[in-house]
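Novice: Sequence:
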Amino acid sequence: MVWWWRVPLNVGALGIMNERDFQSLVSFLEAIPGMQSPVGHGFESDGQWWAKFSIDIEHPLAWQVVQELGHVLNYLSIDERLPTVFKPVSPPPYMNGGPKEFLSWVIECSQPDFKPGTVAKWLEGRLPRPVGDLSQWGNGDDA
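With the working numbering applied, the sequence shown covers 1 to 143.
It cannot be assumed that every hint is accurate.
[As the list claims (entries may be wrong)] Below, computed lysine to any residue pairings styled on SDA-like, alpha-carbon distance capped at 25 angstroms: (1) 87 - 64; (2) 100 - 133; (3) 121 - 42.
[What the hints assert, rightly or not] If you anchor each label on the Cβ, the simulated ranges turn out as follows: (4) 78 - 98: 18 to 24 angstroms; (5) 78 - 101: 33 to 39 angstroms; (6) 52 - 95: 16 to 22 angstroms; (7) 94 - 20: 25 to 31 angstroms; (8) 96 - 126: 18 to 24 angstroms; (9) 60 - 102: 20 to 26 angstroms.
Source of the hints: derived by calculation from the structure; they are not laboratory data.
Here a beta-carbon is modelled for each residue, glycine too, at the ideal position from N, C-alpha and C.
Given the sequences, and given the hints that come with them, work out the whole structure.
Specialist: What follows is the structure in structure tokens.
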């Protein structure tokens, strides 16, 4: 819940956003190979939202997962660009440590009416199925 001037604010006229809006996306992300729980999430008063998580970089499918998420969320096609950005985020490495412990990933959405559940559906329709079945991902080296 976002508070503004001591009054609860739920995206106002753009529609109400709450924890339930994130349930399907969080559940889907947590089923992806190498995904580490918990998946953090939140939204701004203008309706923009985000989901932040870590991927086990030592998992054999880690970089394939990054590639798949980047493809769908950043550049599905020239004609089908989603209002999302998938990118790495990190505190300063010289102050904290390396990527194994401090590299995180974030999905940001700038369009309030493009809800987290909609993103889950886009991912579910384009990532290997079922997403948690390692055999569906191949070995990551397929050309």
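Novice: With reference to the structure, classify each hint as holding or not holding.
Specialist: Now the hints, each set against the structure:
Taking the CA atoms of residue 87 and residue 64, the gap is near 14 angstroms; set against the 25 angstroms cutoff, the hint holds. Taken as a hint, the residue 100 and residue 133 pair is honoured in the structure, with Cα atoms around 24 angstroms apart against an allowance of 25 angstroms. With a C-alpha separation of about 19 angstroms, the suggested pair residue 121 and residue 42 falls inside the 25 angstroms cut-off, and the hint holds. Distance hint check: the CB atoms of residue 78 and residue 98 are about 36 angstroms apart, inconsistent with the given range 18 to 24 angstroms.
Taking the beta carbon of each, residue 78 and residue 101 are about 37 angstroms apart, inside 33 to 39 angstroms as hinted. The beta-carbon spacing between residue 52 and residue 95, approximately 19 angstroms, falls within the hinted interval of 16 to 22 angstroms. Against the hinted window of 25 to 31 angstroms, the Cβ-Cβ separation of residue 94 and residue 20 comes to about 40 angstroms, which falls outside the hint. Take residue 96 and residue 126: their Cβ atoms lie about 33 angstroms apart, and the range 18 to 24 angstroms is violated.
Restraint check, residue 60 to residue 102: a C-beta distance of roughly 21 angstroms satisfies the suggested window 20 to 26 angstroms.
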